[in-house]
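Participant: Listed below are the residues making up each chain.
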Amino acid sequence: MIRTLLASLLLLLAAATSHAAPLSYDLKPTQIAPDTYVFVGSTEHFTRANGGNILNPGFIVTDDGVVVIQTGPSRRFGEEMRAAIRTVTPKPIRIVYISNLHPDYFLGNQAFKDVPIAALPGTIAGIEREGAAITENMYRLVGDWMRGTDPVAPTQAVHGSTVVYGSHRLRLIPLEGHTHADLALYDETTKVLFAGGVVFSDRTPTTPHADVAKWLKALDTLEALDVSVLVPNHGRIRPDKGAIAQTRDWLTWLDGTLRTAAAQGADMAEMLEAPIPDRFASLSMLRPEYQRSVAHLWPAIEQETLPRAAP
Amino acid sequence: MRAAVLACGLWLAVTPALAASSIPEDPLGSVMWETLYPEVFGTAPVVADDRVKVLAPADVENARAMPVAVDATALDGVQEIVIVADLNPFPVVLRYEPLKARPFIATRIKIQQATAVRAAARTRDGVWHMNGRLVDAAGGGCAAPPASYAASDWADHLGEVQARVWPADAAGTARVKLRIRHPQDTGLMAGVPAFFIDALTLTAADGTPVARLSPLEPVSEDPVFTLALDAPVPGSVLTLKGRDNNGGDIAASIPVPVKTAATGTVGVTP
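Those protein sequence lines, which keep their order, are chains A and B. Just so we're aligned, residue 1 is where the first sequence starts under this note's numbering, counting upward by one. Just so we're aligned, residue 312 is where the second sequence starts under this note's numbering, counting upward by one.
To be clear, the hints were calculated from the coordinates, so they are not data collected in a lab. Among the hints, erroneous ones may be present.
[Unchecked claim] A few chain A residues that don't get close to chain B, going by computed Cβ distances all over 10 Å:
#	residue
1	A33
2	R48
3	E79
4	V115
5	P116
6	G131
7	L216
8	W253
9	D255
10	M271
11	D278
[Unchecked claim] Pair ranges (Cβ atoms, derived):
#	chain 1	residue 1	chain 2	residue 2	range
12	B	D387	A	L286	35 to 45 Å
13	B	P504	A	K217	38 to 48 Å
14	A	R48	B	K570	49 to 59 Å
15	B	Y460	A	P239	49 to 59 Å
16	A	L286	B	D447	12 to 22 Å
17	B	P456	A	D150	20 to 30 Å
18	A	E44	B	P335	35 to 45 Å
19	A	P239	B	D541	55 to 65 Å
20	A	H296	B	V503	23 to 33 Å
For glycine and all other residues, C-beta sits at the position ideal for the given N, C-alpha and C.
My request is simple: use the sequences and hints to build the entire structure.
Facilitator: Given below as structure tokens:
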């Protein structure tokens with residue numbers, strides 16, 4: 001209903017400014033390793049200027065077809081991504097992997113409906129449950145970029161395993177903590193790690209579905225891998241595992257700070273402007289993302305500090 | 312929903328038209344101010360005053376539970392604090408009388424859409440000192456079902472209280488937090504009548520009321536209230552008594568710790 005209303009409003013707006021250029025993400029694949037490409041997104045939050053292009057989706061060109069990793073925030077993104085892949089290789093799309101249920105990972109799925117779309121069972125269930133609400137919120141946040149976008153749940157459940165496409169051996173690593181089901185893909189052939197939602201690089205981690213203790217364990221799992229290039233879900237791609245340490249540092253500080261303050265009797269509203277150490281100053285979206293994390297994490301932490309009172 | 316629209320319509324219709332000149336200026340520039348001023352403040356004087364601090368996020372992440380804190384401790388003789396979210400279907404969030412407490416209150420509230428959120432503190436001279444901010448929100452918080460209804464045993468825990476008093480700081484102020492299990496239904500969901508806590512009083516061991524709260528529909532499910540008490544007797548026991556709009560009782564005994572705080576401040580702000 002809201003979407004229909006919004007769409008009508010946007011149509012009116014479009015009619016009023018019909019001379020404006022059509023929206024385009026202007027996607028350009030960047031090669032980061034043999035056969036391996038990434039569409040590098042911005043490190044901002046979703047805005048009407050960036051159209052939701054804040055993720056680092058990628059693809060691997062194999063002799064068995066193209067393996068796509070994440071499909072972006074909108075139908076338009078998925079379609080443009082597919083066209084951009086075509087500029088690199090004429091090979092068909094073999095399969096799509098989706099790392100978690102957040103909107104920028106899967107809302108381009110409509111453009112890949114003709115191929116298998118794979119995800120962890122928890123991600124598929126999450127998209128089936130929350131996909132409509134997640135999509136509506138994206139219409140509110142980025143507007144016309146979303147036109148024609150509907151949530152499409154992944155069609156194939158995958159588990160921890162190693163799969164082979166051409167000469168590439170891909171290890172599917174089921175994790176949890178950023179959401180309740182986070183899929184990382186490690187290419188044993190090139191040692192490229194598509195870390196999915198659990199690793200952020202110079203970008204403040206997001207926590208709407210987070211379980212910090214499980215998340216830290218997931219980082220331990222990734223730390224053990226021999227990585228040549230790490231593709232974080234958001235932020236700078238690095239030739240090392242520095243982003244894992246940076247994500248761990250942030251989560252440890254965040255969780256510890258909230259727990260200490262709650263134990264001292266601080267209120268949630270007072271935490272919004274709490275000081276953040278200088279070492280995190282280089283993380284983009286620092287204060288806004290911290291404030292979102294207060295909203296996500298504080299109530300449960302606070303509840304543990306309050307004993308039951310006798311009637 | 313239709314009932315709410317109707318109620319709002321009636322409310323607008325019966326509000327006496329006031330001459331624009333008799334309405335104090337709204338520092339927040341809210342479209343609702345001319346309607347809300349007589350409804351909330353009658354004809355009392357209202358002045359913008361940044362000695363009243365209102366903490367709330369610019370962007371509301373969870374429209375069911377937006378944190379808000381009102382700190383009027385820079386004013387002397389505050390008799391009452393009122394919190395208002397202008398564009399909520401029920402604009403008045405709560406009223407608070409800090410009888411023997413510091414004029415500080417924090418809680419979490421539902422937000423139906425982007426709105427001005429304001430708080431005003433009434434001093435002994437009858438003047439309301441007001442401040443606030445605009446918050447942006449996806450909204451829907453007032454019309455969403457409580458999360459607790461997903462659990463089959465929610466009614467078994469209705470009215471349960473968790474509470475804690477922290478040792479007084481150097482100035483003799485002691486934090487107290489109350490968390491009460493309650494669905495806090497606004498009545499805007501079809502078939503679910505309004506059901507919320509509407510009275511809470513905290514009493515000292517000698518029977519003196521120290522703080523009185525009148526929450527309304529917008530206060531979040533399983534509400535948490537943070538207050539600042541004026542020198543509660545260490546080792547004594549405070550009594551919380553209250554009720555919801557169905558006449559359900561709320562009662563708790565809350566021990567005041569004996570030891571004093573090691574450092575002068577509690578939490579993030581003094």
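Participant: Next step is simple, just say for each hint if it's right about the structure.
Facilitator: Here is how each hint holds up against the structure:
| no. | hint | result |
| --- | --- | --- |
| 1 | A33 | holds, 36 Å |
| 2 | R48 | holds, 13 Å |
| 3 | E79 | holds, 26 Å |
| 4 | V115 | holds, 33 Å |
| 5 | P116 | holds, 33 Å |
| 6 | G131 | holds, 16 Å |
| 7 | L216 | holds, 22 Å |
| 8 | W253 | holds, 15 Å |
| 9 | D255 | holds, 16 Å |
| 10 | M271 | violated, 6 Å |
| 11 | D278 | holds, 18 Å |
| 12 | B:D387 - A:L286: 35 to 45 Å | holds, 38 Å |
| 13 | B:P504 - A:K217: 38 to 48 Å | holds, 45 Å |
| 14 | A:R48 - B:K570: 49 to 59 Å | holds, 54 Å |
| 15 | B:Y460 - A:P239: 49 to 59 Å | holds, 50 Å |
| 16 | A:L286 - B:D447: 12 to 22 Å | holds, 19 Å |
| 17 | B:P456 - A:D150: 20 to 30 Å | holds, 25 Å |
| 18 | A:E44 - B:P335: 35 to 45 Å | holds, 39 Å |
| 19 | A:P239 - B:D541: 55 to 65 Å | holds, 59 Å |
| 20 | A:H296 - B:V503: 23 to 33 Å | holds, 26 Å |
Of the numbered hints listed earlier, the single one contradicted by the structure is hint 10.
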